[in-house]
Amino acid sequence: MSRNEAHPITVEVVRNAIVAYADEMANALSKAAYNMMIYEVRDYCCGLIDTQARMISQNRGGLPIFLADLGVAVADGIERYSLDGFAPGDVIVMNQGEVCGQHLNNVVVYSPCFHGAELVGFAANRAHWVDIGGVRQGFGSYGSSDIYAEGIQMRSLKIYEAGKRNETLWQIIRDNVRYPDAALGDLRAQIASCQLGARRYGELIARYGRETVEACIARVWDQAEAAARAVVEKIPDGTYEAESFLDNDGRTLDKPLRIKVKVQVRGSQMTVDYSEMNPQVPGPLNSGRSGGIAGARVAFKALTSPDLDVNEGCFRPLDVVLPDGTMLSAKPPSAIGLWSIALPTVIDTILKALAPAVPHMIPAAHKGDMGGCSFFGFRDDGSRFLLMNIFGGGWGGRPDEDGESASVSVCQGDVRNTPVELQEIKYPVLVETHALRPDSGGAGQHRGGLGVELTYKLLQRCKANINLDRTRDPPWGLHGGGAGAVNECFIHRADGTETAVKKATEIEIAPGDRVTFLTAGGGGYGDPGKRPNDAVERDIASGVVTKRNAS
Amino acid sequence: MRGVGNDNVGPHILPRSVLMNIVGVDIGGTFTDLVGCVDGRIVTSKCSTVPADPTRGVAESLALARCEMPALSELLHGSTIAINTVLERKGARTALITTRGFRDTYAIGRGNRIEAFNLFFHRPQPLIPRELTFEIAERINAKGEVLTPLDEAGVHTLVATLAAQKIEAVAVCFLHSYANAAHERRVGEILRAANPKLFVTLSHEIVREYREYERTSTTALNAFVGPRVQAYLGRLETHLRAGKFPGKISIMRSNGGVMSIALAQDQPVSMMESGPVAGIIGAGRLAKLLGIERAIGFDMGGTTAKASLITNGVPAIEEGYVIGGEASGQPMQLPVVDIVEIGAGGGSIAWVDATGGLHVGPKSAGADPGPACYGKGSEDPVVTDANLVLGRVNGERFLNGAMRLDRAAAERALQEKLAGPLRLSVKEAALGIVQIADSAMSLAVRAVSVKKGVDPRQTAMIAFGGAGPLHAVAIAREIFVPKVIVPKVPGTFSALGMLMASWRQDFVRTLYGLLGALDAKVVEAVFAELAEAGKAQAARDGIRPEQADFAFLADLRYVGQEHTIAIPVRDAKLLSGDFSSLRALFDAEHDQRYGQAAPDERLEIVNVRLVVTAARPDTLAEQWLSEAWQPEAPVADQWRDVIFTDAAKPVRTRIAWRPSLAAGARIEGPAVIEEPNATTLIHPGDVATVSAAGHLIIDVKS
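Quick note, the sequences are listed as chains Z and A, same order. So that you can map any letter, position 24 of the first sequence is 24 in my numbering, and since no number is skipped, the others follow by simple counting. So that you can map any letter, position 182 of the second sequence is 182 in my numbering, and since no number is skipped, the others follow by simple counting.
Careful: at least some of the hints might be erroneous.
As the list claims (entries may be wrong) - Residues from chain Z that face chain A, not an exhaustive set, calculated with beta carbons under 7 Å:
(1) Asn-417
(2) Glu-424
(3) Pro-428
(4) Pro-528
These are calculated hints, taken from the structure and not from any lab test. Cβ atoms here follow ideal geometry from the backbone N, Cα and C, with glycine treated the same way.
So that you can see chain Z by itself, here it is in the shape it has in the complex:
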């Protein structure tokens, strides 16, 4: 394939088209989806993959940690069936833990894309099913010790073969998940989305020819690479290190987990080295390699080209050193149910390492966790319910301004909290408080953003998973700024007793019990003594800082 065929005008046309197709796939998926993880949390990604399993394009606005990682799932299918082994009308499902490296709820679906009889690529998506069977329910369960306890695995299986549905596989899914209507509804939406993407890419190839389109795509990748390199080049060469700590693995409670990263910059190339990362742990607070790679990629993307589209070219200037057996590269059959929990901290730690080199590019630490709760049980009529909600916290102070408050983590982009009114319509709960958490932002010339206070009163017997982290190592300040407040959770029992909880899986909740979440604030940036008086006064007047804390 010759690069010369890529006329700059055709390149621009193709660049716009391939992302528009991925966006169209995302629209078809999210609008028809059945679970809040897709339509509210946008825990999905859609994209086009070439026949070498490389990411041609990805939709805008999906989950940041799904960065150009659909390829490994498709590569497994190509290996299994070979490129000759796909037919029009095939649809493949894939969530196997070892290859995908993510919790099994993240199910990849893809369709081959043909131009005439020629296979030209794949349209793929990944979406978080609300349940995949196994011992884990909702967010934050520590119940599993190996992958087999975490649900069903489907490794590159054809759920449709030349347009005919595999009823056996369909039935296996139906019989092994807790919310089969939702799972199969999401699967239908995923399939329709892939078929749409495959059709569109085929149309593009029909229009311009395969060689031209592929030459344009190669050029788009080159441009993405060049844009990222230009930024890395401005970072002084050197080796930068930082560490931070997660609380524990949910089992050995007095042993913090060390998140250690080394970042090397040489010219326009950056290496994120996880050699000293905490070893894998016995519970589910692990990920496969895809977790470690995603963490490095989010940090890299945010630093180098946050406003450009995601594709295979963006990450060429990034190398990741990730030995097997760390908690970001756990060996099978490790449990990986909480695969993403460490990532906000990992990303912040990479940024912290670089902060002395490029202080103007890096804010203080944000809340550092994924922030969510789940309550589940049975309604009076016997039907099962599962309330999941994601809430934000404070982001770190910035070189030129205060941090934002009440925002979702760096791993979550266009992820929305669930309206209180909707939660009360659908679930047996009453929300008593949904407020900013005063005094939670770290002090600094530029203050950290505030966390959130959220109190649920449960109206029915149920269970909850509570999964707080970073309570020992708070969101740090930078350049003299103070730390943000840490996550807290209290259960006020109907009988008047109150307990602080950090991690609890399937804890019993009685009617009338209240559960209060206080989410972390962001770290401060710069010396608090330099904070202008009018900013301090404004904080006091609005009540986000109390007088006691301002002094």
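Given the coordinates of chain Z, work out where chain A should sit on it, guided by the hints.
What follows is chain A alone, placed relative to chain Z:
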């Protein structure tokens, strides 16, 4: 610029029996446009907006069009005042009252970060600060039951605080007020009694739908812009009455309809998008007149292009949008004509990035300095420069010859900013700009249809705006739209649309439950409540019951889904009784939009909607659109070289003067059809025909 009046857009005389004289005045950021039907003629004028006192713009545009105020029976008005008040954050000193425990609902919002990789993102900034947000003890649950009674003493105490704080407007939004508005209503009574001048907005009066953040934001928007818009409309009315204007004043609103000036003063939030929707409404009317089932309205101006899907003459409606940009704008949960906007217009700047990628927009050169070819010193090449260099636009006839375009300046800008760095010829660079803009617009226009499950091949495009007819055919070719219609007066078509808009008011009420398990009495009560509200509003605006059309819709979805599809419901009984007909409609619509359906799954309802409309009593603008075309005296064709698809091979092309083309005239591409404020480009192989009424109907080669 001085104003331009034109009371003679062709000798289009309507029957003398027509007694009504109506004018539409659209005050935009830069220009004030007027189109009217007066004494059987179409009149137009255009003048600069006077930002300090927009009502002067109305006076001036009426004078330019030689309209006598006493002779007019109705004035329709669109204005950017509401949206500008928000974008400039120059509204009233506004307070917010919330349920205790929820002071920060407005500040917290949904917690999302649209710019996912941006470490320096900005969330929406509330229009009302935290220190002016007050909690009141009260609580109602999702069923509308009172859990905590309203603390009336607390409200009375608050009255004094508001006065001390010199508050001009108050927004009140309590949890679940859509289900039971008693507490909000009582707070409203107390506040209004204590200070009749206070502008009070109660959330349930604006929108009775769950989602507390979006409802709070909508209520806050209304309160924030209220006093300023109220004063503005008051001044307008006083001015018109002083000029002996005897007629009705109607205000264009975002839902594509109009409302009385009195209602606009209470609900200014519903006039946010009053400008852009008018053209799409006009396109809808034209589609209806021409019997086009599915049309795409396409409006391209100086800075943006807009597109909307029109079905059976009715533009698609979206239940809310974000004002001021998705990432950090203000959510507004009211129906708005579903318009996709893309940053590609005649003034969009073409540029080369550091890696050699060529882009067009979204930055625009605007009107000043404008395109390089305006000769005002701009060195950035824009889409209009490219069209000039390609021979598509006539530098001598631009704006009816009022402005001569400088081709050399355009070529210089293209050479320096694009052709040089990319090692292309100037003509190649110009062609590239146009092709990139066309392709970007094609994707957006296509998305308008395919998102609703409509195949562009089964649509026709109605193109207008200053630049619309110039690009429409290329877009149609790109996405296989077989027919393009360029209406009469495409350059001022938007203002014409206002003269065809119906009176319209939308109502919504959350009703949550499974189809088949709803209590018939509850459903009937919701329908009755909505109908009552609709009748009251219509009566208030002087609409007689027999003029009004009441259309109910149900927001339905499969159990477990979030997004709903609004399905028309003829009769409340369909929701509580045999709902098989609704079910079939829903399954079919779901299949069309998302490529799949689940006829075995349970359906649930989320909201009931009521749309009350009343068609205009006259059809002056429609008559003018349908009236037989009478050409001006013939003007000889010109010929010039135009570049279509190969920069190295210009095509000797016929240049026709549209006003002189007779009905039935057939123009084969390649051709350029010029008229005072627009240019239509016909590509080789395509054929344009002048319809009996004077519209250009272009058959696009597939």
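Hint by hint, here is what the structure shows:
1. Asn-417: For Asn-417 of chain Z, the interface hint holds, since the closest Cβ of chain A sits about 5 Å away, which is under 7 Å.
2. Glu-424: holds, 4 Å
3. Pro-428: violated, 10 Å
4. Pro-528: violated, 21 Å
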